[in-house]
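Protein chains: 2
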Amino acid sequence: MNIGLDMMGGDFAPREAVKGLQLYLSEISSPAFLFLTGDEAQLNDLLQEYQISSSQIKVVHAPQVIGMHEHPTKALKEKQQSSIAIGFHLLATGKIDAFISAGNTGAMMVGALFSIKAIEGVQRPTIATIIPKENGKTGMMLDVGLNADCKPENLNQFAVLGSLYAQHILGIENPKVGLMNIGEEEGKGNILAQAAYPLLKENTDINFIGNVEGRDILLDKADVMVCEGFTGNIILKLAESMYEITKQKNIHHEYFDRFNFENYGGTPVLGVAKPVIIGHGISQAKAFKNMIKVAQKMIETDLLGKMKSAFQK
Amino acid sequence: MNIGLDMMGGDFAPREAVKGLQLYLSEISSPAFLFLTGDEAQLNDLLQEYQISSSQIKVVHAPQVIGMHEHPTKALKEKQQSSIAIGFHLLATGKIDAFISAGNTGAMMVGALFSIKAIEGVQRPTIATIIPKENGKTGMMLDVGLNADCKPENLNQFAVLGSLYAQHILGIENPKVGLMNIGEEEGKGNILAQAAYPLLKENTDINFIGNVEGRDILLDKADVMVCEGFTGNIILKLAESMYEITKQKNIHHEYFDRFNFENYGGTPVLGVAKPVIIGHGISQAKAFKNMIKVAQKMIETDLLGKMKSAFQK
Chain L
0 MNIGLDMMGG DFAPREAVKG LQLYLSEISS PAFLFLTGDE AQLNDLLQEY QISSSQIKVV
60 HAPQVIGMHE HPTKALKEKQ QSSIAIGFHL LATGKIDAFI SAGNTGAMMV GALFSIKAIE
120 GVQRPTIATI IPKENGKTGM MLDVGLNADC KPENLNQFAV LGSLYAQHIL GIENPKVGLM
180 NIGEEEGKGN ILAQAAYPLL KENTDINFIG NVEGRDILLD KADVMVCEGF TGNIILKLAE
240 SMYEITKQKN IHHEYFDRFN FENYGGTPVL GVAKPVIIGH GISQAKAFKN MIKVAQKMIE
300 TDLLGKMKSA FQK
Chain X
0 MNIGLDMMGG DFAPREAVKG LQLYLSEISS PAFLFLTGDE AQLNDLLQEY QISSSQIKVV
60 HAPQVIGMHE HPTKALKEKQ QSSIAIGFHL LATGKIDAFI SAGNTGAMMV GALFSIKAIE
120 GVQRPTIATI IPKENGKTGM MLDVGLNADC KPENLNQFAV LGSLYAQHIL GIENPKVGLM
180 NIGEEEGKGN ILAQAAYPLL KENTDINFIG NVEGRDILLD KADVMVCEGF TGNIILKLAE
240 SMYEITKQKN IHHEYFDRFN FENYGGTPVL GVAKPVIIGH GISQAKAFKN MIKVAQKMIE
300 TDLLGKMKSA FQK
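If you read the sequences in order, they're chains L and X.
Going by numbering that gives the first Met the number 0, the first sequence wraps up at 312, each residue one higher than the last.
Going by numbering that gives the first Met the number 0, the second sequence wraps up at 312, each residue one higher than the last.
You may find that some hints are simply not true.
Note that the list lumps identical chains together, so a pair holds whenever it fits in one copy or between two copies.
Claimed, not checked - With a straight-line cut-off of 30 Å between C-alpha atoms, the simulated DSSO-like cross-links for lysine-lysine are:
(1) K220 x K132
(2) K200 x K73
(3) K236 x K248
(4) K312 x K296
(5) K246 x K292
(6) K187 x K78
(7) K187 x K116
(8) K175 x K248
Think of the hints as simulated: they come from the structure by calculation, not from any bench.
Work the whole structure out from these sequences, hints included.
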């Protein structure tokens, strides 16, 4: 099993990526083999500094870096020797089985959609976020920003992708799927939600439990919550800001600690044909470690194979 | 100045409505004259129990009550002697200048839209919520559930209505208007947000500052945040649930206390021709008191006159 890690992506790269790698190698008894894309000299110095001399790693020199604010399509096209472009090349050619970066989110999206492509049958790949439930459980929400406008069938597909992720990666048996909506009963909501409801209801591949409202997001009503990326992104960023505000105001509670995205690693891109994980720009060691662990689990459980089967019926 | 108060609406009516009335009368040096709609015998008993014998109140007997779960249109039509129907009759005929109820929200909406009607020029009346900013200031968001699907011009009108409310009721000079969106720059977002942006930018009646993202909602970026009612309602209910969760988990902080809706009273219906305020079903004394105070301020500042002028250009 080979996992590619962009060492140059994120505000604290490459040092925090190296520290995350160190954490991963020290924690996991049978680690994956890791291809590290980035500046060879810089990486070798850091690997030496952190005394990482595992036989499980290989540095792949990438002399260019795509900056956090560069135009994604343009940068990917012009910087073919960047750590992200080389990572996607390794993934597309089968040298690695998953690719992780905390770098330019747009470039990661473009790379995932155009060099890896969607699973056959999936109309729109999607990105998901973890939602910490107030009773200690963990749910997920998707889409959280890749698809600002959606058709009803898109939400229905998100439900399938999310259910498989929840089952195999989060370990939730028969995950409950809820449609983000305003109002509890069928027929409530905006035009999109009204049209998506019957599709979800008739979908025998998922365990649809009906509508979930804003007040249900943090409760244990649904494990997988589907919505278009406009609403989902606003919810995600509001939740992230709540965490920031509690930290600033010195409000300490284990529940708020669970809103720290570093605990979950990054955002998986679901619906593309190979595992791709996008990290937060401010990822530090813990986030990098957890992203590698999630990628490993995606490969070990053959999540992508299961997703492909689900859409081949 | 005459304000109508439905004494039978809400889970804790009529007792909490009477207690709220008592608080209001004891706090305000020049109170409005209050028309109390509800069961006369029950109300007189409670008024006696709480020793309210002001010359500023008059009980208007309403033998019927619309339940919290009755079908709004049907109930309003069939229960013309209900405390809500009589309240709207008093408002429509000019006997009162504002009407308040914590009863059936749907019935309040239907009453506001059909017996009072929209301000001329307003395409879609809207409901707003208060947003407690982390720096101590107060913002507002609209629509929060009346209009699940919107056209760009609706959002532009919400911006005008919200700005006038923020200025005259919340006391914010030249309120900053933000468009709820994903992404900071013009051109970002879903189709609705992309189309609404230029309308807001060209609107000389408002102080448009551009897009606001989920992470900006609780920060002091914009005073008035506009969105369609789907996203707005989900944000509102998520914020309310955060307050509930902190209470349950015994997390105490003054910032969370500010999420207690009772501090603000109820939700004004903006864009209808007369002041209508809808209370939360779980309103207690403090919420009733604050709703009366907001209604009084709406009348004193001639907010409705200012809204009518804004749409008569």
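Hints versus structure:
no., hint, in the structure
1, K220 x K132, "both (9 Å within a copy, 29 Å between copies)"
2, K200 x K73, "between (42 Å within a copy, 29 Å between copies)"
3, K236 x K248, "both (18 Å within a copy, 23 Å between copies)"
4, K312 x K296, "within (25 Å within a copy, 62 Å between copies)"
5, K246 x K292, "within (26 Å within a copy, 35 Å between copies)"
6, K187 x K78, "between (48 Å within a copy, 25 Å between copies)"
7, K187 x K116, "between (35 Å within a copy, 24 Å between copies)"
8, K175 x K248, "between (35 Å within a copy, 25 Å between copies)"
When the structure is compared with the earlier hints, no violation turns up for any of them.
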